[in-house]
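Engineer: Sequence:
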Amino acid sequence: MHIHPVPFDHPDAVKLNDQVQAEYAERYGDEGDVTPLDASMFKPPLGLYLLAYDERDRPVATGGWRGQDENDEGYTDGDAELKRMYVVPQARGLGLARRILAALEDDARAAGRTRMVLETGAKQPEAVALYTSSGYAPCVKFGYYRFHDLSMCFAKPLSTS
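In terms of our numbering, the sequence shown has 48 at position 44, counting the first letter as 1, and numbering is strictly consecutive.
If you are wondering where the hints come from, they were derived from the structure by calculation, not from laboratory data.
Treat the hints with caution; some may be incorrect.
What the hints assert, rightly or not - The calculated label-pair distances, taken between Cβ atoms and stated as ranges, are: (1) 151 <-> 5: 33 to 43 Å; (2) 76 <-> 6: 38 to 48 Å; (3) 11 <-> 110: 16 to 26 Å; (4) 31 <-> 145: 14 to 24 Å; (5) 127 <-> 98: 16 to 26 Å; (6) 31 <-> 151: 14 to 24 Å; (7) 94 <-> 8: 12 to 22 Å; (8) 11 <-> 77: 19 to 29 Å; (9) 163 <-> 23: 30 to 40 Å; (10) 153 <-> 74: 19 to 29 Å; (11) 60 <-> 81: 41 to 51 Å; (12) 27 <-> 5: 13 to 23 Å; (13) 78 <-> 58: 34 to 44 Å.
Every residue gets a Cβ at the ideal spot worked out from N, C-alpha and C, and that includes glycine.
Take the sequences, apply the hints, and build the full model.
Structural biologist: Written out as structure tokens, the structure is:
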């Protein structure tokens, strides 16, 4: 497996984004995550988007971060928000999400971000397990879904030590 930075609107990123949206829609019975996103949000040094490819050069996992600062959606200065973490079903259990998460944390830290934050949902127990086992703790809700009952928000300091 190899991981590469790509634009958020790269064709392989769009393909995996469509797959994760379909999974969200199935789990939650809605249209998926409607948080407004665009490719400019993930351009370094203000963000990063990664794709993992298997040995046959098929896209199998994705994730990104975008910079956030204090605003009326509950973010604080220095936040890096994790978005679109996803591993295709046939590649789950290989540690790809953990590798992408670590790379995103390292990049956000290098960009001067002080805290990684994320929003997930109660119907995504695998995601909750990944984040809590990676040092994330529940935090005050933020973002587009902050008023939704099934929304769960987590944060992790990005210390430089």
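Engineer: Hint by hint, note whether the structure agrees.
Structural biologist: So, going through the hints one by one against the coordinates:
1. 151 <-> 5: 33 to 43 Å: holds, 38 Å
2. 76 <-> 6: 38 to 48 Å: Given about 39 Å between the Cβ atoms, the range holds.
3. 11 <-> 110: 16 to 26 Å: holds, 20 Å
4. 31 <-> 145: 14 to 24 Å: holds, 19 Å
5. 127 <-> 98: 16 to 26 Å: holds, 23 Å
6. 31 <-> 151: 14 to 24 Å: holds, 19 Å
7. 94 <-> 8: 12 to 22 Å: holds, 19 Å
8. 11 <-> 77: 19 to 29 Å: Distance hint for residue 11, residue 77 holds at roughly 24 Å.
9. 163 <-> 23: 30 to 40 Å: For residue 23 against residue 163, whose Cβ atoms are near 34 Å apart, the range 30 to 40 Å holds.
10. 153 <-> 74: 19 to 29 Å: holds, 25 Å
11. 60 <-> 81: 41 to 51 Å: Given a distance of about 43 Å, which is inside 41 to 51 Å, the answer is holds.
12. 27 <-> 5: 13 to 23 Å: holds, 20 Å
13. 78 <-> 58: 34 to 44 Å: Cβ of residue 78 to Cβ of residue 58: about 37 Å, so the range 34 to 44 Å holds.
Of the numbered hints stated above, none is contradicted by the structure.
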